[in-house]
Structures are given as C-alpha cells and as structure tokens.
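My request is simple: use the sequences and hints to build the entire structure.
Chain by chain, the residues:
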Amino acid sequence: MPEVTVPIGPHHPALKEPVNFKVIADGEKIVRLELDLSYNHRGIEKAAEQRDFIRVLPLLERVCGICSHSHSTVFAKGIEEIMQLEVPLRGQYIRTIIAELERMHSHLLWLGVAAHEIGFNTLFMWSWRDRELVQDTLEEMSGNRVHYGMNEVGGVRCDLTPNQVRAALDRLPHLEDRIARYVEMVNDQQTMLLRFKGVGKLTREEVLNYGAVGPTARASGVDYDVRRDDPYLVYGDIPWNVVTDTNCDVYGRTCVRIGELRESASIVRYCLENLPEGPVRANTPKTAPAGEIFSRYEAPRGELAHFIRTNGTNKVERVDIRTPTLANWTSVAMSLVNQNLADIPVIVAAIDPCLSCTSRITLVSSPGGTPGIITFDELRKRGQTRYRGCGP
Amino acid sequence: MTPSLTLEFVKETMMEYGTAEQARQNRIRIATTPDKVLRAIQHVLGTLGCDRLVTISTVDNGTTFELIYHFIGPHRTVVSVATEVPHEDPWVTSMSGVLPPAGIYERQIHDLFGIVFRGHPGLKKIILNEDWPPNEFPLRKDWKKNPDTYYGGIKEGWSRHA
Numbered sequence: 001m002p003e004v005t006v007p008i009g010p011h012h013p014a015l016k017e018p019v020n021f022k023v024i025a026d027g028e029k030i031v032r033l034e035l036d037l038s039y040n041h042r043g044i045e046k047a048a049e050q051r052d053f054i055r056v057l058p059l060l061e062r063v064c065g066i067c068s069h070s071h072s073t074v075f076a077k078g079i080e081e082i083m084q085l086e087v088p089l090r091g092q093y094i095r096t097i098i099a100e101l102e103r104m105h106s107h108l109l110w111l112g113v114a115a116h117e118i119g120f121n122t123l124f125m126w127s128w129r130d131r132e133l134v135q136d137t138l139e140e141m142s143g144n145r146v147h148y149g150m151n152e153v154g155g156v157r158c159d160l161t162p163n164q165v166r167a168a169l170d171r172l173p174h175l176e177d178r179i180a181r182y183v184e185m186v187n188d189q190q191t192m193l194l195r196f197k198g199v200g201k202l203t204r205e206e207v208l209n210y211g212a213v214g215p216t217a218r219a220s221g222v223d224y225d226v227r228r229d230d231p232y233l234v235y236g237d238i239p240w241n242v243v244t245d246t247n248c249d250v251y252g253r254t255c256v257r258i259g260e261l262r263e264s265a266s267i268v269r270y271c272l273e274n275l276p277e278g279p280v281r282a283n284t285p286k287t288a289p290a291g292e293i294f295s296r297y298e299a300p301r302g303e304l305a306h307f308i309r310t311n312g313t314n315k316v317e318r319v320d321i322r323t324p325t326l327a328n329w330t331s332v333a334m335s336l337v338n339q340n341l342a343d344i345p346v347i348v349a350a351i352d353p354c355l356s357c358t359s360r361i362t363l364v365s366s367p368g369g370t371p372g373i374i375t376f377d378e379l380r381k382r383g384q385t386r387y388r389g390c391g392p
Numbered sequence: 393m394t395p396s397l398t399l400e401f402v403k404e405t406m407m408e409y410g411t412a413e414q415a416r417q418n419r420i421r422i423a424t425t426p427d428k429v430l431r432a433i434q435h436v437l438g439t440l441g442c443d444r445l446v447t448i449s450t451v452d453n454g455t456t457f458e459l460i461y462h463f464i465g466p467h468r469t470v471v472s473v474a475t476e477v478p479h480e481d482p483w484v485t486s487m488s489g490v491l492p493p494a495g496i497y498e499r500q501i502h503d504l505f506g507i508v509f510r511g512h513p514g515l516k517k518i519i520l521n522e523d524w525p526p527n528e529f530p531l532r533k534d535w536k537k538n539p540d541t542y543y544g545g546i547k548e549g550w551s552r553h554a
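Those protein sequence lines, which keep their order, are chains B and H.
Heads up: the first sequence runs through residues 1 to 392, numbered per our numbering.
Heads up: the second sequence runs through residues 393 to 554, numbered per our numbering.
Keep in mind the hints are simulated off the structure, nothing from the lab.
Yeah, the Cβ is synthetic: ideal placement off N, Cα and C, and Gly gets one too.
Some hints could be false.
To be verified - Cut-off 27 Å, straight-line C-alpha distance, at most; resulting in silico cross-link-like pairs (DSSO-like, lysine-lysine):
#	chain 1	residue 1	chain 2	residue 2
1	B	K315	H	K516
2	B	K46	H	K537
3	H	K516	B	K22
4	B	K46	H	K403
5	B	K46	H	K533
6	H	K533	H	K517
7	B	K197	B	K29
8	B	K29	H	K516
9	B	K46	H	K516
10	H	K517	B	K22
11	B	K315	H	K537
Claimed, not checked - Some chain B residues judged to face chain H by a derived CB distance under 7 Å, without partners named:
#	residue
12	D36
13	L37
14	H41
15	E206
16	Y210
17	D230
18	W240
19	A305
20	R309
21	K315
22	R318
Said to hold, decoys possible - Interface residues of chain H toward chain B, partial, derived using beta-carbon atoms under 8 Å:
#	residue
23	S449
24	S472
25	L531
26	I546
So, in structure tokens, the structure goes:
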C-alpha cells in the first residue's frame, strides 16, 4: 500500500497550543511525522520586555493555564538571584506548597485525559472529581483556581492562615487514599494495561538523544529532576524522592505521574505541618542590576527554563522561555514512528501537551483521493473500536 | 551522583575555544566565536560529559545576536556555550546533525529572529503562521509593526465587524 499523508490540525485559534501534525502513514503504520506548532504566536516574550517586574509576573503567569505558578516562580527566583535577595523561609514554603498542589492538579488532570483517550471514562470522572479537592485547596489559599497570582518578586502575595492550613490538612487523607487507589489500579486494570503497555516506546538512549524532559524522560530511567539537581525553593531541605520507571512506554509515564502524585501529597503534608513562622515577603528594590541568569524549574510536564537578562532598569532586557512541551515534541515525533495510527491520541497525550490543539483531522484515503475531515473525537473512537475485543 | 564540573577543568579543556567563567555553582559559561561553536559543542558533549541540550537562548544586542546553547549532563552542571553573530548577516552552522533536539529550537529562532542555521534539513516556519510577511522577525529589538501589513490575517485597526 502506498504511503498516505494524514494532516492533523492545523489549528484552533481559541486554544492555547495549536499543533499541526502531518502524519505520513503506510496503511495503519506511521512512517514519519512533521510538525508545525503555534499558529497564534502571542508575543509574550516581547511584551515582557515592556513591563516592570511587578507587571511582568501576572503576564508570565499567563504563559500556561495549567502550570501558571511554574512560570511566575521560575521568573521570580531568577530575578531574586540577580537582585541577591533572600526570600523569607515561610514565603519559600508557601511557594513550594502551591507548586506541589499545582503538580497534583496537573497530573490528576492528565490521568483523566489519558483515561478519556482510551475510553476509560470512569477513571476520567474519578480523577477529575478528586482534582477538585486540590483545586478547592488552591482556591482557598490564593482565591483563584487557575492563575493563583501568589508570587511576587521577593516572596508571596498573601500568607496562609491557620484555618487554611487546617482545611488543607483535612483534605489530604482522602486525597492520599484516592492516590493509593490509583496506584492499585495502574497495576491491575486490564483497560489501562492493554492500551498503555508497549505503546510509544522510548529507550533511555533515545530520551537522552531527543532531549525529552519530565515524566516522559523519567519513565525511561533518566533520573533528571531539577528539584534535586539544582535545588530551589525548599526542595533541598525536605524529604522527598525522585520517581523513575523503566517501562519506557506510556504505561511507564503513567506510573511515574501516579508516583509523583504520592510524592507531591507527602511534600504538601510536610510543608503544611512544618510551616515556619515569619514574614512571607522581603522588601524588594525596584530595579535589578545588569546581569543574566539561566533559571530552571521542574514544572509538572518537565524542565522549564527561563533565560533572563537584565540591564539595570526595572524591566528585563530579554526573557527567553523554553517550555517543557517544546522539548518533548522531538521525542513524540520519534516515538510515533512504526506505531498504529489508532495510538496517536494516547502517545501524544502521554507527554501531557495541551491536547485540544489536535481538534480537527483531515483524512486522505489515497494520494489524489478526496480529503474528508474527521474530528478528534472520531479519531479517538477509531482507536477505541480497534482495541475493542482485544482483551483477555 | 557524578561530581560537579569545576571551572578549572572546563577552562583547561575548553581553552582553544574561548574563555570560561562561573556565575554561580552549577553554571559555567563559555564564550566562543561562531566558527568554533560546532567544535566547541562536540567537545562539551564529549570531554565534558554533557548528554543533553536544554535549550538555545537568543538575545538581540542591537548590533549582534547572541546565541547561548545550554547543556546538562550527569554532573548536573549547566554548561552554556555563547557566541555572537552580526546583525547584517546572521548565520551559524546548524547543530541538528549532532543534536536532534536542536532542530526544533533552531526553527523557532529562525522564525522569530531570522538567524539562518546553515545545514538544517528543514528550516521551515514553526511558530509563526504561514502567511506571516517575509523578512519580518518580531522578537528583534528594531522590529516595528507596519500599519499596512496583515499579521496572521489581522492588521492595525482591522475589525471583523467593519
């Protein structure tokens, strides 16, 4: 059968990470993948050069709707380092609590999305319901569910009251129970084992070669985690473990994320129980001396890096943002080769990108044949139908 | 865990490529020239034991563009290789041959800054959309919006409901 080109995408102007795949397939097997990202460039890096440090944080927080705290923390900690500012310990603890809650809500969201992609909608409903516990805690602490706006250069915007701490601690046992249940499920649920195992293989060498980051890399035994390698906030002083796996496939990435859920819950518990007294914010100068800093952060999806250069004023000269999803695309393009067309949704979902981008797909049945458009939902159904009846 | 790289070791091994300095712990920066950058990077991947490119950062300095390649390895030290290319004819050798992940970053920089990476297999648009006007690079400091040009189907004062 001759090779056909299946364009997926190209874009949805309302969504945040539009991606256009051109999948070259031979029958059901994928031969090659070509990428075109980001139809709407928002020019945030350019806009950041025009705002002072107080106004730039809310802007950078809007780079991403899921890891909003990551972007503002990585920038704030970079600027603080240039200013040689000491952030009060309580402020650092609060930043860590928000960061880990964010990781939990992101991973629970991912688990739901991945479950939905394989047609396991019960798990989708469960994990999104449990995610609400995390969201409630975040809303209670910051007043917001998405853009928390907790960070300021020099510390955090608001303190935690004893009531907020108690309410968060009260929610944790239930959450920990649920996470324990997910750990069990990932080991014995046939639907998950069948659709995740052996899908989207990436060996350790491939991960290093293609520069994948975060849970995608850790699922192939590459134990890079910025929280340990380049400690920031309070990660250097509190007990926690880097979660890795050696399955090297979508199943491994699921195990890593569920393991990280457990770690995050224990970090949040530790920080809440050992929250030091004191101020939450330091007095900050308005300007930063000229300098440059390469600030790294472990966002839920992997290593996030901001390259910041200052010029002695109250604005940055340049902020260069490298998001984890961008680093992961090369590995996706490689791990899709030789896989089934029906596995595209789950392999792409396994790096946890903003999936909504692949909302439209044009099917070309044969070269010169009439192209028709199918939706992403139909592609998902195609995958589910294909695997129906494959169970034991 | 492998011990961190020391500045002395990096200085010694990278002497022929340029000067090395250490901003703080775990950050070593090597400044080199565009013609040596490919060999310097091969050296960083070999002798210095780095196994991964974190990103390529770009800064517009007015008369030059600065390209900074950040690497990381089991020693957990970020090694940055910096080089400057002139504004008039900005080009540098592509790293995508030695480093597959560089390909996607180079496409992005080509889009936004107009730096040409010679030897890149497919230096196509990745960030900007296909009808973005040619030879306009939005992240350059001297870039100004042209009021008569459409950017991504939109121009100044344009309204869907007009």
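Evaluated hints:
no.	hint	in the structure
1	B/K315 to H/K516	32 Å, violated
2	B/K46 to H/K537	13 Å, holds
3	H/K516 to B/K22	14 Å, holds
4	B/K46 to H/K403	35 Å, violated
5	B/K46 to H/K533	9 Å, holds
6	H/K533 to H/K517	20 Å, holds
7	B/K197 to B/K29	18 Å, holds
8	B/K29 to H/K516	25 Å, holds
9	B/K46 to H/K516	22 Å, holds
10	H/K517 to B/K22	14 Å, holds
11	B/K315 to H/K537	22 Å, holds
12	D36	6 Å, holds
13	L37	5 Å, holds
14	H41	5 Å, holds
15	E206	10 Å, violated
16	Y210	5 Å, holds
17	D230	6 Å, holds
18	W240	16 Å, violated
19	A305	5 Å, holds
20	R309	6 Å, holds
21	K315	13 Å, violated
22	R318	5 Å, holds
23	S449	4 Å, holds
24	S472	7 Å, holds
25	L531	6 Å, holds
26	I546	10 Å, violated
Checked against the numbered hints above, the structure breaks hints 1, 4, 15, 18, 21 and 26 and satisfies the rest.
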